[in-house]
Amino acid sequence: MKWQHDKKHGGLPSGRYIAICLIVLMLGAVGFWAYQQRVSNTTAPNPQGLQQPQASSEGAEGRYLLNGTVTWSRGVEQVAGADSAQPFSQLNTFERSKYDGWTASLECPITHNEVSFSSQVANLVFNCPPRFLPEANKFFSIYDLANNHTYDQGQEIGLTETRQYLSNSGAQFFGTYDSADTSNICEVVSLPVHAAADDAAIPVAFCGWQYFSRAPVESELAVMDRYAKIMPVFAFVEAGIEYRDTADDRQVSVGHQLVDQGADFVIINSPHWVQNTEAYNGKLIAYSMGNFIFDQLEYETNRSVSIDVTMKLAASADLSRWIELGKDCSAYHDTCLETAEQNHLTKLAPRYVFGIVAGQNGYKVVTHKSDAQTQTDVERRTNWSHTCQQLGYNQCQ
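This note's numbering puts the first residue of the sequence shown at 6, with every later residue one more than the last.
Hints are supplied without guarantee of correctness; some may be wrong.
[What the hints assert, rightly or not] Here are the simulated BS3-like cross-link-like pairs (lysine-lysine), alpha carbons at most 27 Å apart as the crow flies:
hint : residue 1 : residue 2
1    : K352      : K234
2    : K332      : K143
3    : K317      : K234
4    : K369      : K352
5    : K374      : K103
6    : K352      : K332
7    : K234      : K332
8    : K143      : K369
9    : K317      : K374
10   : K103      : K234
11   : K103      : K143
12   : K103      : K332
If you are wondering where the hints come from, they were derived from the structure by calculation, not from laboratory data.
Could you put the whole structure together from the sequences, leaning on the hints where they help?
Here is the structure:
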């Protein structure tokens, strides 16, 4: 029998043509499988099951307001009476909806103890009733516990209760009264960002030290180093002589050390007055934020400076993996640092844009965004114009 020629396929017999096509397809499939194996063998280890690197065409961005000293104890509690929302009732003048997170330097433990106004005044011992916390959390999402008053209610007992109340309320927190407790200096926070038009979060280390009455210890500051090697670090310090308008030597020394060791910026607080800022080695140091919610009586103690921070993250191969990890970094003492290390994630390099916002407050004065004159006075006190020039035009607003 003669083969019937198929003119459509160059005259090859149709059976032979089909066989050749099948062989070519099989060879192509084998080649593609081999290529995929080579690619997978060169990918970084991924023992925790994070998404593999994908080059993203979009970055991520978040905006935050870092605030000064906050308490709802003593006179704040007295004036509020039964109205737990009263101390926070004018905070929307700061346009809360513009921000992805707010911080508070909390100057009191949150405990169930009943402590009278007169006792708090006479003994200078504070307590923040937990009934205020749901209203506070409508504005503040991250609490700094590295404060000289967080030991006021039974020391570690009151601080442990504070952490429990914050955890149960869904707030995040970091820091401790005693910086010798190095296990509580740094905490990985799930910091909200916007990425590819979706809400997401990035793991960021928040580290807090309390040096109100003693000098820093090098080994305590060095706790930050492990975090700084792999993720952004926001550093907060309680230090400084009270009721002064410029930073003292201890504040300057610890601020410089933390920048030298890798902090992205440093926020120092304690003196109850607004103090100067500085650009050191291209990074921001704010030396005192003043009182944000407090009950003191004088002009200097009744104003504050809040640092407005925009964090911008460029598109990168590892950004999606950091975002995936960020979903699980909101619990107290989670394992996010260890997971990032095990997965060999590449450290992100955010760009920051800073601004300052003045506030007014005081005994019987509900905290609100300041008038124009107070904003001008705060900008002058912080030396903000000069700091901006030193930071560079793309880091300041």
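Cross-check of the supplied hints:
| no. | hint | in the structure |
| --- | --- | --- |
| 1 | K352 to K234 | 7 Å, holds |
| 2 | K332 to K143 | 21 Å, holds |
| 3 | K317 to K234 | 19 Å, holds |
| 4 | K369 to K352 | 46 Å, violated |
| 5 | K374 to K103 | 14 Å, holds |
| 6 | K352 to K332 | 17 Å, holds |
| 7 | K234 to K332 | 21 Å, holds |
| 8 | K143 to K369 | 21 Å, holds |
| 9 | K317 to K374 | 25 Å, holds |
| 10 | K103 to K234 | 31 Å, violated |
| 11 | K103 to K143 | 14 Å, holds |
| 12 | K103 to K332 | 22 Å, holds |
Hints 4 and 10 from the earlier list are contradicted by this structure; the remaining hints agree with it.
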